[in-house]
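Here are the chains, one letter per residue:
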Amino acid sequence: MRQAVKLRFAAPIAVFALLFGFLAYRLFLVQQGFTPDLIPSVLINKQAPQFALSPLFANEPGFRTTDLKGKVTVVNFFASWCVPCREEHNYLSKIAKVPGIEVVGIAYKDRPQDASMWLAELGDPYKTVAVDPEGKTGIDFGVYGVPESYLIDKRGIIRFKQTGPLTPDVIDQRLIPLANRLNRS
Amino acid sequence: MRRLTFAAGLAGCLALASPAFAVRPDERLADPKLEARAHAIGQELRCLVCQNESIEDSDAGLAHDLRILVRQRLVAGDGDAQVKQYIVARYGTYVLLKPPLTAETYALWFGPLVILLVAIALASIVYRRRARPANDVKPLSAVERRRLKALLDQPRAEEA
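Protein chains in written order, with the numbering used here: chain A, 24 to 208; chain B, 601 to 760.
Hints are supplied without guarantee of correctness; some may be wrong.
Simulated coverage check for chain B against chain A, where a stretch passes if three residues somewhere in it have a Cβ under 8 Å from a Cβ of chain A [what the hints assert, rightly or not]:
no.	segment
1	642 to 654
2	661 to 667
3	681 to 692
Simulated from the structure, these hints should not be mistaken for laboratory data.
All values derive from a computational prediction rather than experimental measurement.
For every residue, glycine included, the Cβ atom is placed at its ideal position computed from N, Cα and C.
Modelling step: build the complete structure from the supplied sequences, incorporating the hints.
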C-alpha cells in the first residue's frame, strides 16, 4: 500500500525530470548552434564534389576539384546580395592569415560585376575567387543558403561545414583548431 | 435564366481553375508525361529554404534551381528513383518529405506504436486494479456495528 503511494508521487517527478533533462539538452544544443532548422550535411567525411569554376578576375586560373589536393582549404560560398555575408566577411581575413589554410571564395548566384564591387568595398581575403552563376556547384555541395563554408582536407575530403555565417567563436574554437590538426596529419 | 447563366459561368471558372503551384511556365517541360513525372517527384522533395513546402510549391530561388535540376535529370533519361537519389546524395534524406524507413527513423515510424502499446498496458493495469473486489476489507466488529446502528438511528438535526 505504502509502495503504491510512493510510486504515485515518484512517477510524475521522474517524468518531469526526464522532460526537463531533454529540453535542457536541446536548449544547450541550440546555444551551440544546432538549431532545429539546421540540416546536417551528408558530405562530411566524404570526397568534395567534382567542379570546375571560372575565375571572377580574368587574371586568375579559376577553381577546380584538383586544386584541393595537398592543402587545407576553406571554401566560402558568398554573394553580394547576401546580408549575413557582410558580417562574416570581416572574420574571413583572420582565417586567411593562419599559415597553411587557403581561403577560396565562390560567388554564388551573383553577377561578376556585383561580386567584384563588393570585394573592392569590403576587402578581398580570398586566395582566389571563382563564380558559380547558376548555383550548380552549390547544389553539388549541398548549399541551401549563403553564406556556407566548407573545410576540406589535403585529400579533398570535406571535414566541417558551417551553414550560415562563420562567427569568431566558430572560427577560433572549431575551424582553426581542426584545420591545424588536418595540416599536421 | 440569368441565375442559370451565372451558375454555368461560375462552374466554368471553377473547372478551368487549376491549383496554384510555384512552377513557372518557362520551367515546364514540353513533354506532358515527363512534366507530370517531374511534378510528382518535386512534390516529394522538400524546399530546404522554407522547409515545410515542397519544391513544386515554393517560390525560393533554390526550389527553382532544384525544379530545373529534376527536369534536366529526367530529360537526361534518369528514372524517378535515380532523380530522388541524386538530390538525396547532396542534401540528405531530410529533403524527402516522406521519411524513408532507416535505422535513423525507427523512432519516428514505430515510436507512436510503442507509446500506444505502453498506454494500453498501463490502462489495463489500472482498470483491472479498479475492477478487483476489495477483498482485504475486514467485516465490522460487534462494537463498530453497534456504533453504526446508533448513528443511523439518531434522528436528524432538522427533524429533532
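Checklist entry - Counting residues of the segment 681 to 692 of chain B that have a beta-carbon nearer than 8 Å to any beta-carbon of chain A, does the count reach 3? => result holds (count 5)
Next on the checklist: Verify this for me: three or more residues of the segment 642 to 654 of chain B with a beta carbon less than 8 Å from a beta carbon of chain A.
Outcome noted: holds (count 3)
Checklist entry - Do three or more residues of the segment 661 to 667 of chain B come closer than 8 Å to chain A, measuring C-beta to C-beta? => result holds (count 4)
Violated hints are absent here; each numbered hint is respected by the structure.
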